[in-house]
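K.L.:
Please work from the sequences and hints to get the whole structure.
There are 2 protein chains.
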Amino acid sequence: MEFKLIKKDKHSKARLGKLKTAKNTIDTPVFMPVGTQATVKTMTPDELKKIGAKIILSNTYHLYLRPGHKLVKEAGGLHKFMNWDGSILTDSGGFQVFSLGRLREINEKGVTFRSHIDGSLHFIGPETSIEIQNSLGADIIMAFDECVQYPASYDYVKEAVDRTTRWAERCKRAHKDTKRQTLFGIVQGGVYRDLRLKSASDIVSLDFEGYAVGGLSVGEPKSDMYEILDSTVPILPEKKPRYLMGVGAPDDLFEGVLRGIDMFDCVLPTRIARNGTVFTKQGKLVVRNSTYARDFSPLDKECDCYVCKNYSRAYIRHLINTNEILGIRLTTIHNLHFLIKLMSEIRNAIDGDYLLELKEEFFKKYGYK
Amino acid sequence: MEFKLIKKDKHSKARLGKLKTAKNTIDTPVFMPVGTQATVKTMTPDELKKIGAKIILSNTYHLYLRPGHKLVKEAGGLHKFMNWDGSILTDSGGFQVFSLGRLREINEKGVTFRSHIDGSLHFIGPETSIEIQNSLGADIIMAFDECVQYPASYDYVKEAVDRTTRWAERCKRAHKDTKRQTLFGIVQGGVYRDLRLKSASDIVSLDFEGYAVGGLSVGEPKSDMYEILDSTVPILPEKKPRYLMGVGAPDDLFEGVLRGIDMFDCVLPTRIARNGTVFTKQGKLVVRNSTYARDFSPLDKECDCYVCKNYSRAYIRHLINTNEILGIRLTTIHNLHFLIKLMSEIRNAIDGDYLLELKEEFFKKYGYK
Numbered sequence: 015m016e017f018k019l020i021k022k023d024k025h026s027k028a029r030l031g032k033l034k035t036a037k038n039t040i041d042t043p044v045f046m047p048v049g050t051q052a053t054v055k056t057m058t059p060d061e062l063k064k065i066g067a068k069i070i071l072s073n074t075y076h077l078y079l080r081p082g083h084k085l086v087k088e089a090g091g092l093h094k095f096m097n098w099d100g101s102i103l104t105d106s107g108g109f110q111v112f113s114l115g116r117l118r119e120i121n122e123k124g125v126t127f128r129s130h131i132d133g134s135l136h137f138i139g140p141e142t143s144i145e146i147q148n149s150l151g152a153d154i155i156m157a158f159d160e161c162v163q164y165p166a167s168y169d170y171v172k173e174a175v176d177r178t179t180r181w182a183e184r185c186k187r188a189h190k191d192t193k194r195q196t197l198f199g200i201v202q203g204g205v206y207r208d209l210r211l212k213s214a215s216d217i218v219s220l221d222f223e224g225y226a227v228g229g230l231s232v233g234e235p236k237s238d239m240y241e242i243l244d245s246t247v248p249i250l251p252e253k254k255p256r257y258l259m260g261v262g263a264p265d266d267l268f269e270g271v272l273r274g275i276d277m278f279d280c281v282l283p284t285r286i287a288r289n290g291t292v293f294t295k296q297g298k299l300v301v302r303n304s305t306y307a308r309d310f311s312p313l314d315k316e317c318d319c320y321v322c323k324n325y326s327r328a329y330i331r332h333l334i335n336t337n338e339i340l341g342i343r344l345t346t347i348h349n350l351h352f353l354i355k356l357m358s359e360i361r362n363a364i365d366g367d368y369l370l371e372l373k374e375e376f377f378k379k380y381g382y383k
Numbered sequence: 015m016e017f018k019l020i021k022k023d024k025h026s027k028a029r030l031g032k033l034k035t036a037k038n039t040i041d042t043p044v045f046m047p048v049g050t051q052a053t054v055k056t057m058t059p060d061e062l063k064k065i066g067a068k069i070i071l072s073n074t075y076h077l078y079l080r081p082g083h084k085l086v087k088e089a090g091g092l093h094k095f096m097n098w099d100g101s102i103l104t105d106s107g108g109f110q111v112f113s114l115g116r117l118r119e120i121n122e123k124g125v126t127f128r129s130h131i132d133g134s135l136h137f138i139g140p141e142t143s144i145e146i147q148n149s150l151g152a153d154i155i156m157a158f159d160e161c162v163q164y165p166a167s168y169d170y171v172k173e174a175v176d177r178t179t180r181w182a183e184r185c186k187r188a189h190k191d192t193k194r195q196t197l198f199g200i201v202q203g204g205v206y207r208d209l210r211l212k213s214a215s216d217i218v219s220l221d222f223e224g225y226a227v228g229g230l231s232v233g234e235p236k237s238d239m240y241e242i243l244d245s246t247v248p249i250l251p252e253k254k255p256r257y258l259m260g261v262g263a264p265d266d267l268f269e270g271v272l273r274g275i276d277m278f279d280c281v282l283p284t285r286i287a288r289n290g291t292v293f294t295k296q297g298k299l300v301v302r303n304s305t306y307a308r309d310f311s312p313l314d315k316e317c318d319c320y321v322c323k324n325y326s327r328a329y330i331r332h333l334i335n336t337n338e339i340l341g342i343r344l345t346t347i348h349n350l351h352f353l354i355k356l357m358s359e360i361r362n363a364i365d366g367d368y369l370l371e372l373k374e375e376f377f378k379k380y381g382y383k
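Note that the protein sequences, when read in sequence, are chains A and B. Counting in this note's numbering, the first sequence runs from 15 upward without gaps. Counting in this note's numbering, the second sequence runs from 15 upward without gaps.
Simulated from the structure, these hints should not be mistaken for lab results. Just so you know, nobody snuck in bad clues.
Identical copies look the same in the list; a pair holds intra-copy or inter-copy alike.
With a cut-off of at most 27 Å between alpha-carbon atoms, the simulated DSS-like pairs for lysine-lysine come out as follows: (1) K315 <-> K87; (2) K94 <-> K64; (3) K34 <-> K87; (4) K323 <-> K68; (5) K323 <-> K63; (6) K323 <-> K55; (7) K64 <-> K323; (8) K84 <-> K323; (9) K37 <-> K22; (10) K315 <-> K94; (11) K24 <-> K355; (12) K295 <-> K323; (13) K68 <-> K355; (14) K84 <-> K186; (15) K68 <-> K253; (16) K193 <-> K18; (17) K18 <-> K253; (18) K94 <-> K295; (19) K84 <-> K315; (20) K298 <-> K94; (21) K323 <-> K87; (22) K190 <-> K18; (23) K37 <-> K323.
P.N.:
Next comes the structure, spelled out in structure tokens:
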């Protein structure tokens, strides 16, 4: 993997970059759709390409449980298994083990937990996580971290930060084929500024090819997240890509980019789509509401996606109202297109040094304060 | 609408035709995918086109209840509402009123029934059915008939046959814009040969633009269905299209075509797809079974559809096993492609006078006795 910094915004910490993997070249800042179980829910890889997706995220925890990383390896790796020839990033499983796994027990070795599917007992530690991710074969893989829930005490977060650093070191050691797969380190530290700073410098000292800020957008106030980014991002090396994990609301994309973040992922666009909610330039719209039963206009008049060019709110509302799968396919395509397009507008704005103006205009229209 | 008979098979009653609607020209014999609620389940219109679908069926009963035919009319008609510029045939609602409606009460006027969705009270008679179908705006519409369940007494079926004829006459009278929409009559008569013959001549005497054989494939033995076709089809005018309603298993397509049928529709391919079952040239395959967990071959090695070119049984099995929508999207595409392709092979065989050989070969491989 190569990361090339192309340009820095004159008025903020925003930056343009190019991330080159073995598969393709990705313009950053980039939003990565989430394909938890080796599929971005409801979408084919072809559809993802059409809306401009070049990199997707998939979840180690889920693929480890079903269908199993060994099966994926037998299939020729995740790309081949799911028919996606763009780039893939896999998370480490850390986040899911802590949020989905039951009866989890953490010690220095790793985490023992019960599957959320059938209650069976499993163990993932730094070495296992890397082994699973090696089998899956994503282009970018993540260090196994402890993602602490919010709120958590200072003492506990401190302990988790130190453990995360020790685990990161072990991940680095366990990961052999560094040419085929690039390993990113993850900064933790909850909402505690000094722990974030400590975690950032500890992880940076281990020298990874990229850095993620994890453990944010887990329930803390948005202002806390922005402050953490303000203090943490400057510690990360300028020439390496920076990834804000699990963040993808339109305002957060702007705020992250303005603070120097290059990569984002989030289930938000696909999750709300399945609930009948879509992004528009005028704010969120719950198209499943009966208000739209006779509304023959597109989801978003300003949008040029396949859905907005061909279908009305009334039709999509009917599909969702009658539980027809095409309904949530259309809202999903639209929502992912919306965020991917927004990122391209953001990149253009960085290029032209008008990102702050774009943000103001977008926020005003969208209804953000 | 125009129907042109192109060729008759030398060794059977099979025939090749061209059905020209205002939208397109359809080669017959043809299989019509079912889009019950203004969507062929899981599919976009573009995907339907790619697999060669030129005409789909949609259900009057369902669209009348949701979103309502007036709304569809306001949207500019069903084609525009669902973004399908191919041909559409709507059924009359008769079949669903009898199979889904609750507490139905039949009299000469029509049928009063309760919605299967919310129990609300509704009435559909011949004039209402035509009015609804006029609003929906399909290219081919059907007369409102009484589809008797199987088994039913001779006396009851006789009564229903006579009523169906009287209703057919009223449908013809109610349908004004015959240029925009073509009305087909429906032959009923259960499994009683003489009632079928009577129904056929009565309906034919009313002079429709096309004729359907209804009330088959409702639970009677297959041999009964074939016998009914043997006796009924010859009564239908040679120069008009003949449509066997609700039939679509591969063997029945062959048997119907061999007896002179031109059009078919069935929910079978899409329904079994959602249950994880697919057609292959070697017979049906339940891809959701764990047998296929590590089977990296395509659904059907002889198939050239998008799914078979890009995905393995193992991947599709994983998707269905984890309730991922892409799984049933892929099985649906494959199954519809399978039947549409089969019909094109059948047409080629009629053209080359080797349909009986194709049938024998297909049945043997598929595992039919």
